[in-house]
Every structure is written in C-alpha cells, then in structure tokens.
Amino acid sequence: MANEGRQIVIPSQVIGETHTMKAGRGTFVEQGKIYAERLGILSIQGNVIHVLPLKGRYDPVVGDFVIGVVEEASTSNWMVDINAPYPALLHVNEVPWEIDFADTEKYLNTGDAILAKVLSVDESKKLQITLNDRNLFKIKGGHIIEVESSVVPRIIGKKGSMIALIKKYTRCRIFVGQNGRIWIDGDAEGIALVQQAISKIENEAITFGLTDRIEELLKKDAKDVR
Amino acid sequence: MTIIPAIKKDYITKLAEQGKRVDGRTFDQYRTIDIETKVVNKAEGSARIKIGNTQVLVGIKMDLGEPFPDTPDCGVLSTAAEFVPLASPDFESGPPRENAIELARVVDRGVRESEVVDIKKLVITPGEKVWIVFIDIHILDYDGNLFDAASLGALAALMTTKVPILRFLQSGTLEKKDLETWYNNTSIKDIIDLYSIPGLDEFIASKNKEAPTDIKDIPLPMIEPPISCTAIKINDYVMFDASLDEELIADARLTVATDHKGDIRAMQKGLSGSFSREEIQKVIKGALDNGQEIRKQLYAKIGK
Amino acid sequence: MMKSDIKLINSEGKRLDGRGPEDLRKIKIESGVLHRADGSCYLEWGGNKVLVAVYGPREAVPRHCQNPLRAIVQARYNMAAFSVEDRKRPGPDRRSVEISKVISEALERVILTEQFPRATVDVNIEVLDAEAGTRCAGLTAAGVALVDAGIPMRDIPVACAAGKINGQVVLDLGKEEDNFGEADLPVAISPRTGEVLLLQMDGHLTMDEFNKAFDLAVKGCHIVSDIQKKAIMHKYQAVVAAEVQE
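Protein chains in written order, with our numbering: chain A, 1 to 226; chain B, 1 to 304; chain C, 1 to 246.
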C-alpha cells in the first residue's frame, strides 16, 4: 500500500532499519540503518522506504518521454540537452528520416526542440535518446517552460487528473516531459494561464488539496470550458 | 552555454508583434526594483539592487594615493565588475572578459562624465595625494539587465558612502596636516557645514595631534545623479528592462542615462543589430520617463 | 599572527564583544536565495556575510578533467574586493586557492560522487563581508546550498573554529582575537559520524590545549549543524503552514 505522507527528510536523517525494511531510492545504508541521502519526501511502499527528491537535476530513466533542445549537429548524430547532468546523443539511426551523410543539420539544428524517449543509460551515464516512435516528433510552435523535474508527477497528477484539468480550462495542448520541460500550445491568454497554474503547483507541491486550489485558480481566469 | 530553444524565441517575437511580453509587462515597464544600502560593513559604501530576479551588489572602498599624471588636481575613480560564476551557470572563473569590462566602463562613464562625484573635491595635495574611490560591482544573480542594476547600485552605494576619515587618521595614512590642507583648499567645509558634522572643524583648528574618536566620517561630495535605463530590440520591437530570455535573443541594446533636468549624460549601444533614428528617440523618451521613476525610488530609499 | 598586550579576555571570562569563552557569534542562515543557481545559501556569522551557489551535477569540461567513475567537486572560495578593510584586488590569491582546495576536499568526502561519473559539482563561495572565520562560514553555507541543490550526500558538512587568546582556549574567534590571539583551529566535521573533514591549525598549542580546543570546535560544529537543519526545513514548513491556514 502506497503511503505518501508529507514528511520531509534531509540528508543523514535516519528513516529506518534494514532488519524490518528495505532501502529504496534516495537512501543509503550504513551499519543496519537506512538514511535519507537527499532532501525529499518520505515514501513507504510495502516494506520499502524511498525518498522522493524535492530538488535536483533530472535523472534519466530508459523509456521516459523527454523534451530535448538540440545543442549541436555532427555528421552522424546530434547532442541534445535534456536537462540532465549530461547531454544525450541522438544517432541518425534513431530518427524516422533517411539522412544523407553530413546532412544532419537539414533535419535538426541547434535550438530545435524535440519530444524524444530515453533509449539507454550506461554505467558511465552516457545517454542516448530516440525519435523512432509514432508518438515522438520535432516540436513546432507554442512555448517551452522549465520546472523542477521532481514536480512533474504533481503536474501530471494521479492518473493524469491535474494535467487534464489544466488542459480543460485553458484549451491548450500540453506535453509534460519527465525531465521538467513542458511544451504548451494555444493562444497567449491560455499559455499565460497554464504558466500561472504550473507556477502555483511548483510552489505548493508538498501540500494537500492542491488540485482543488488549482481548479479555483483556473476557473477564475478561464474561458468557456469545453 | 545555455541554449535558448528556437520555439521560445519565436514565442517571444510573436507576443511582441501583439504588443505583449511573456511576463505580462508592457514594453516600457520595469520589473520590481528593490534598493538596499549599507549592506556591507567593511565597505565605505554599499548597495544591493534587485531588478526582478537579477541581483547586483556594489561596494565602495576608498584609499589615499597618487592622482593620474594628466589630472593632478582630481581624485581618482576606478570601476571594476566581477561576473562571478556564482551568478550564472554560464559565467566562468577567471579575469574579466569583454562583457564585464564593457559593463564596468559604462558604469564608470555614467559616474565620471556626469561628474556625479565631485572628484575635484577629493584632492589633498595636487599631484601628490588624492582620495581614490574604488567602485566594485559584484554580480550575484544574472536574470537580465545587468547594466541598469549595476548603475543603480553604483549610485546608491556612492550616495551612502562615508569617507573613512577617522580610520585613516588613526592608522596614520592620513595626517592631520593633510586634513587641514584638504579642508582649506577644496572647501570640504561646505560638506561639513551642509551635513552639520560636529567636531571635525574644531579638531582641525585645534593643536591636538590625535583625532577624538567621536568625529564622524563625511559623505562623498556628490551632485544630482543621472539614472541609466537600458532597452533592447527584438526584430522591430523596443522594450525596456529585458528579462534573461529577452536579452538572450535581443538583436541590439541601448543604454541611456538621463539627469533630473531631462538632459542626456551617457549612452552605449551594444550587440550587433542596429537602431533607426526614430527607435533611438523612443529609447531616450522611455529612459527619461523610467529614469524619473527610478530616481524617485532611489531618493526615497536614501532619504533625500 | 601578531602577539600583543591587548586584553582579549578579562578575569571574568568576558571577551571584547561581551561573549563568554564558549559562546558563538550570532548566526543567520537562509536557504534557496538565488534564482539561477541549482542550490544556494546566504549565511551571516558575526560580521561575516557569505553567499554560496551550487551548480550541478553537470558534465565536467574539458574532457581530460573528467573522472570516469565519479563526480569531481570544485569549490571556489572568493572574497569580494570590498569585503575587507583594505580593498582586495579582484581575482584568486594564494590564500583563496588554498582555502578552495581544503573545502573541495572536505565536501568530496560527504557527497555521493559515485552516482555521477564524468560530472562536476561546482560550489561557488563568495565572501561579501569578512570578519574572521570566513572559511568555516563558507563551508557551512556550502553544506546548506548542496542540500538545496538536491545533491545526494551522506551527511551535511559543518565547520567551526576554536582558538587561544591570552592563554585561554575559546570558541569561534572574532576579528581582534584572530589578529592578536595565540592559536586558530578551524575544524569541519560530518556531524552524524564525527569524521573530521577539514582541519588546520595556526599558532601554538600544547597537547592539552589542542584537545580542549578541538573538543570545543566540535561542540560548536554541532550547534551550528542544528541551525543549518532548521534553515533547510524552514522553507518547506512555511509552505505547509500556509496550506493549513487556507
């Protein structure tokens, strides 16, 4: 049973013992005791203790949808910034286009944004992403904002409830990358309202009843709901 | 280097076509400005300026030394800027690069050419001993428009600076006869009278060698300061107080310093784009209007 | 250090600023104060004012600086030109380089660097106003800034100094005490385990005096550690409290 109390823990705080619990993400073990290694929220799932980080760079996981910004194009690949500690490599074989040698710039250039998927992460944290999927594409139009990647689950909400709420009242298309980058497309008022709602979620991420307060905020400034 | 996505650039430009900005401001509007003075105890004067999220700290230190050979009857002003790595993921450690040097020189000109600090009154013995005023700009958080934050910081710090007479007398760097010469020759008497600083003239007139410990330091001799306002241009749209994103995609930049009479005291154009004559006039008008508002805020803070 | 006949502590154990031999100067810590930095901390300790920004983990460049197995920790201690009585020329001097090195080494011990091969954690310490004990203030603020940046650590490092004035061992030297005292001992520890991360000594101490000073410095470290932790929690408690009011 997932128990997400809002207990905030800090590095070096004792949160459990190995003879009764298992050490999960965001923890380390020393002499039978489980400690938090990050500033985060304590999460106990069954007999596993996790610490969900409140802050920190995005930690890429294979399969994550991310919004990347191309840093540079080389002859057979692109280096893409995905807001992680490391840039990600996108190989010419991982895009849906047939690319002639050294023609990479024609398709993706510095500053272009893409919705991609994390393909692989090796032991030295070398990252690869892919565009080879019907759901992935080069992004056109709209606006991009950045939030703490730790807040992404709250922006999406339980079973997507929060993001659906925001889309409903603002009539915007929204893609939320796991890496904390969010693409918004709509008219200026809609985009501004989405930004307002997301900003509020970021500031109040650890509180309860957030969904209701966001709905209130959206209703106040919204247009006609579909 | 932080790369701004092309989509963001397009969005900012698209909004500009509608007369709008991403954070809802008008083209002429500044973000919230916060002025705090006397924030560093070791400095003779200091100010911390916030414009939106941009934060700059300016400290004033003074020393006695030789004047420049070509201006033996003037005190010395020296301005430097440190773009410390603390302030941005893109600032690297090392000696100041061209951006830091340009900023320091523009702030310096704003102070020097407008004669905000009366450096003729900072002379002890012409050609030999003068006061040196160091203006050190320390960037703390870079979120757009460092020029205005730094200029305003320099002014606020200078206007609340105290010449460290007592400390220099006690250490011997300033001798009593120096103080006498300074007092008589460059009429700092006006300053002392103006600010009613007790004790200093009595000490000078007396036969005492050691300064009484209760004499107060005096303010820098200053006149009305010009206020610096910077605008950027994105395509054909001119806007004041650029946010970081706006500044990263700007084609051109223009700083104009105006005084309380409405005259122009300093200008600097930056970046590789261009301005038309009409655009320059627009920037001057906006700089004048915003300058007046900022001057009011500055005086309120300093208690003028 | 200059010896002098200045009375730094009187027969009742009162120091020049009124403190007792085991009293700390006033400390104020604020976490998360800068917008661009990944993590930040503003700290006041007596007359010291320091500001720390953490950037990272991020890929270490140039490539030859990278460690293929772990992150490198690069602390940069810098004093603003106006932070001292006689203006300091901007740029690193030998003292700043040494302090940067010992702080980097202290932080490296507590950061879980194995989680970020080929990366760097950059810790920028700016001293804005200086009054004895800036390296302890800087390291303490760095600890908070690292937590604020979400860097995984096995502990939050903290530092405090002890020293000897007029033959007596005291905690947390102030300005005149640092200039005219007989010994200065800055110590940084990992408060959870007691491991010593930074240790320097300057002056003259007998074995007995050293033990006394060391214990006193560690005691000071634990008091400051509590202040660090309160400052980190303060930001989040404010949010939760606000929600309770709604």
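Be careful, since some hints might not be right.
[What the hints assert, rightly or not] Pulled a few chain A residues facing chain C out of the computed Cβ check, cut under 7 Å: (1) I8; (2) T20; (3) A23; (4) L39; (5) K55; (6) G56; (7) P85; (8) Y86; (9) K106; (10) N109; (11) V121; (12) E202; (13) I206.
Worth flagging that the hints you see were computed from the coordinates, not collected in a lab. We put the CB at the ideal spot given by N, CA and C, even for glycine.
Which of the numbered hints above does this structure break?
When the structure is compared with the hints, numbers 2, 3, 9, 10, 11 and 12 turn out to be violated.
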